[in-house]
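As they're listed, the protein sequences go chains Y and L. For reference, each letter of the first sequence is one residue, going 1 to 116 in the numbering used here. For reference, each letter of the second sequence is one residue, going 1 to 112 in the numbering used here.
There may be inaccurate statements among the hints.
[Claimed, not checked] Under the rule of at most 25 Å between Cα atoms (straight-line distance), these lysine-lysine pairs were calculated in the BS3-like manner:
no.	chain 1	residue 1	chain 2	residue 2
1	Y	K44	Y	K19
2	Y	K36	Y	K71
3	L	K26	Y	K41
4	Y	K22	Y	K52
5	Y	K40	Y	K9
6	Y	K71	Y	K22
7	Y	K40	L	K26
8	Y	K52	Y	K40
9	Y	K44	L	K70
10	L	K56	Y	K36
11	L	K56	Y	K40
12	Y	K67	Y	K52
13	L	K26	Y	K52
14	Y	K22	Y	K36
15	Y	K71	L	K56
16	L	K70	L	K56
It is worth saying that the hints were derived from the structure and are not from the lab.
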Amino acid sequence: DTAVSQTPKYLVTQMGNDKSIKCEQNLGHDTMYWYKQDSKKFLKIMFSYNNKELIINETVPNRFSPKSPDKAHLNLHINSLELGDSAVYFCASSLHLTSGGAREQYFGPGTRLTVT
Amino acid sequence: SQQGEEDPQALSIQEGENATMNCSYKTSINNLQWYRQNSGRGLVHLILIRSNEREKHSGRLRVTLDTSKKSSSLLITASRAADTASYFCATHAGTGRRALTFGSGTRLQVQP
């Protein structure tokens, strides 16, 4: 059973296009995330939702808009794609915080976005 | 700014040897986590160590945490070719944010 799934796995598109990436988790988690991994493997948080509420919004261009229709889904829509958007995008989920801090996160397989 | 930085950036060892990776961070943390990423795959959680813990074991993995030095190490004993992957440390700071801050990773190659 897939815990965190993303579609599509690969996305090749031209500059200026609009595209979406979908994410679903069946773990019963209440928090979901989007990360961007660049060519040097550096992983950076973009957004986080808890129970459909946006709780983290890093300095990401407003061309990126996350949407969480319910706790199990977090989609990422990107407008006017640019060359610099090429990267691997990971969705992740976790349970809520404890007194000991953030819980372990479960990652999807990633979406490799190539903008030409 | 990048919270965790792993050292070394790359490590190549023979099967059966031990592999040690280090992570340094800058601010106070609630916990520190280690993840593995196989090529072309998502990250997989390995182990979580809280700020009041000094050492933790899970199978062939041993993690230490020294909050006074703001550093952690991951030891993989009796390595196998299947351990070949990138290993990342991630910290959760006590800011109320739920996000983890990841380091740049150590690429481990285990030669059969």
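Verification of the supplied hints:
Under the criterion of a C-alpha separation no larger than 25 Å, the hint pairing Y:K44 with Y:K19 is consistent with the structure, at around 20 Å. About 21 Å separates the Cα atoms of Y:K36 and Y:K71, which keeps this hinted pair within 25 Å; it holds. Our distance criterion of 25 Å between C-alpha atoms is met by L:K26 and Y:K41, whose separation comes to about 20 Å. Distance restraint check for Y:K22 and Y:K52: the Cα-Cα separation of roughly 15 Å lies within the 25 Å cut-off, and the hinted pair is therefore satisfied.
Between Y:K40 and Y:K9 the CA atoms are separated by roughly 19 Å; this keeps the pair inside 25 Å, and the hint holds. Between Y:K71 and Y:K22 the CA atoms are separated by roughly 13 Å; this keeps the pair inside 25 Å, and the hint holds. A distance of roughly 21 Å separates the Cα atoms of Y:K40 and L:K26; the hinted pair therefore holds under the 25 Å criterion. Pair hint Y:K52 plus Y:K40 does not hold up; C-alpha atoms about 31 Å apart against a cutoff of 25 Å.
Proximity of Y:K44 to L:K70 is assessed by CA-CA distance (about 21 Å); at most 25 Å being required, the pair is judged to hold. Of the pairs offered as hints, the one joining L:K56 and Y:K36 is violated, with about 29 Å between alpha carbons and a cut-off of 25 Å exceeded. In summary, the hint linking L:K56 to Y:K40 is not supported, as the alpha carbons are separated by about 29 Å, beyond the 25 Å threshold. Distance restraint check for Y:K67 and Y:K52: the Cα-Cα separation of roughly 8 Å lies within the 25 Å cut-off, and the hinted pair is therefore satisfied.
Of the supplied pair hints, the one linking L:K26 and Y:K52 is violated, its CA atoms being roughly 31 Å apart against a limit of 25 Å. The straight-line distance between the Cα atoms of Y:K22 and Y:K36 is roughly 14 Å, inside the 25 Å bound, and the hint therefore holds. Between Y:K71 and L:K56, the direct Cα distance comes to roughly 32 Å. Violation of the 25 Å bound is thereby established for this hinted pair. Under the criterion of a C-alpha separation no larger than 25 Å, the hint pairing L:K70 with L:K56 is consistent with the structure, at around 16 Å.
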